[in-house]
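Visitor: Hints in hand, dock the two standalone chains.
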Amino acid sequence: MWKFLLPFAAFVALVVLFAFGLNPKRDIHALPSPLIGKPAPEFALTDVLDPSRVVANSTLKGQVYVLNVWGTWCVECRVEHEELLAISQQHVVPIIGIDWSVDHGPGEREKAKQWLERLGNPYSQVAFDQEGRTAIDFGVYAAPETFLVDRQGNVIFKHISGMTQEVWEKEFLPRIAAAGKGGA
Amino acid sequence: MNRRSHSRLLALALAVTVTLGLAGLGDACAEPPAADLDAHGQLQNPELQARFERIAKELRCLQCQNESIADSNADLARDLRRQVREMLSAGKSDDAIFAFMTDRYGEFVRFAPPLSPKTALIWGAPFLALLLGVAIIYRVVRQRSRMPLDE
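Listed in order, the protein sequences are those of chains A and B. Using our numbering, the letters of the first sequence correspond one by one to residues 1 to 184. Using our numbering, the letters of the second sequence correspond one by one to residues 1 to 151.
Same shape as in the complex, but just chain B (with noise of 0.2 angstroms):
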């Protein structure tokens, strides 16, 4: 590929970026402008942006459900991503956000419930299972060495 072509390219995927941006824009035009929150509500730390993203990449949106609050561009989901934007800059610990939604929208607000008397059979099942499964074979092949050889 020549020169030419790739700055075609280039001019092309800018178009194309930008466009996707403005109609994303009409979108998220709702979203109030970013400050430690910038004017956007974006947030200026690098390292609190990366708690956040995690965070956000952990809480489902209730709207649709099988989104993150990171991914999906329902209404509540980005006052959800205001909210946690908020709590990171006034310096909350990831704890503290996650029970925040969960004493509102209860533990099926996160992808991955915590260990808990109430959710200790999901995260048992497939070790139940595997019991199960041990049990079944052992109780078969022990049955079948008892069997007289005939053949």
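Here chain A stands alone, though its shape is the one from the complex (with noise of 0.2 angstroms):
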């Protein structure tokens, strides 16, 4: 009986070890993000539009947002923006976006501008992060990501690659639901 049974069995769990591990849906490289149900770490960061202004997240203490992590140096987010800005449309929750300097330099503030003035402003505000430690704070290592923050202010999930209507539909907007949203 157990010669029969245990290759049998072994055999069953590599199936499953397969149709697990060689799912071509699964991003092997996209990581479990330590962040979620913890607090989001807090940042104060210039508006890339307007250096005098100062965008914050203790600001949005109350409200549901999504926070979106760029940089005009980064391909999949041009691919991303016309995503952003059809959900900005819906105006669901606010969304900050966070522009990460890689270089550290000042260029990145201007770039980030042209590109938000000629492909559309899909952010209610959009902070500068030209030493890429708030970037560090999130976790962040491959832009593009998405987080959403809940009104406690703790990160409740975190999308990492562009951001596509059916990751907002099939990901975000259930948790919005949940978490009840909290204004645009």
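Hints are supplied without guarantee of correctness; some may be wrong.
Claimed, not checked - Below, a list of computed lysine to aspartate or glutamate pairs in the EDC-like style, where the Cα atoms sit at most 20 angstroms apart:
#: 1; chain 1: A; residue 1: 158; chain 2: B; residue 2: 103
#: 2; chain 1: B; residue 1: 92; chain 2: A; residue 2: 137
#: 3; chain 1: A; residue 1: 38; chain 2: B; residue 2: 38
In short, the hints are calculated from the structure, not lab data.
Guide: In structure tokens:
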């Protein structure tokens, strides 16, 4: 009996392992964020469009918001931009942008301004992370990354790589509904 | 090898080093100049530098995943090296630095994750496999030793 069952069980175990491991829909480079369920890191940065203004997430307490980390150097961010624009048109929750300057130069701000003027601006506010420190605090390793923060200021979801309508509808909207929204 | 070809070789090596160094510089221009951190963000204290090198080798560059932040040229790796240097010069312990990284990036950022209930299987699997092997050998040997010797 065992002689037959043991190899068979091993075979089934392998099938399950492969079904999971080789699933083409699973992004093997996407890592679970340790921030889920934890308070979103505080930041207070200058506004990309108006350096005299401060963008700080402390002002967003009590609101559900989306936080999108991007940069003009990031190809996928360009692709995602159209999607973000469409999503912002739905006025569900505010989308906060963090423009991540990887070269730490001031040039990124100018490029980001031009990008938003030329392509449209889906963000209610865009912060300029010239030093890349906010990106590190959020554990961002590959832009674009998009976070969902609830009314208590906790990160409840993170999406790595470009936003799409599908991801928005499947992953974000239900969680926003569950979190009780909070004004766009 | 005579003296002359020696010095020629030296000159060549120097030229190559300088060229490579310059090429690297273009890339690293973004690296803020090094003070405790010097004017280039490098650690002055050799003890801290040694710790820095050890820690940097222990941390994965998540952009490239199979390189450490010590080896990687990625922008994020450069920023994380800056972070480690700053924390060292601020007198932070190794554990505090690793905790800073895992709080943000998860256990995967460490090449050798610490033993915890979650990682127990990773560390335990080789021993489990060994035990399994021993058990199988034990059974097989016992079975065979019970067989009649008919040859």
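Visitor: Each hint should be assessed against the structure and marked as holding or not.
Guide: Outcome of the hint check:
1. A:158 to B:103: 15 angstroms, holds
2. B:92 to A:137: It holds: about 17 angstroms lies between the C-alpha atoms, which stays within 20 angstroms.
3. A:38 to B:38: 36 angstroms, violated
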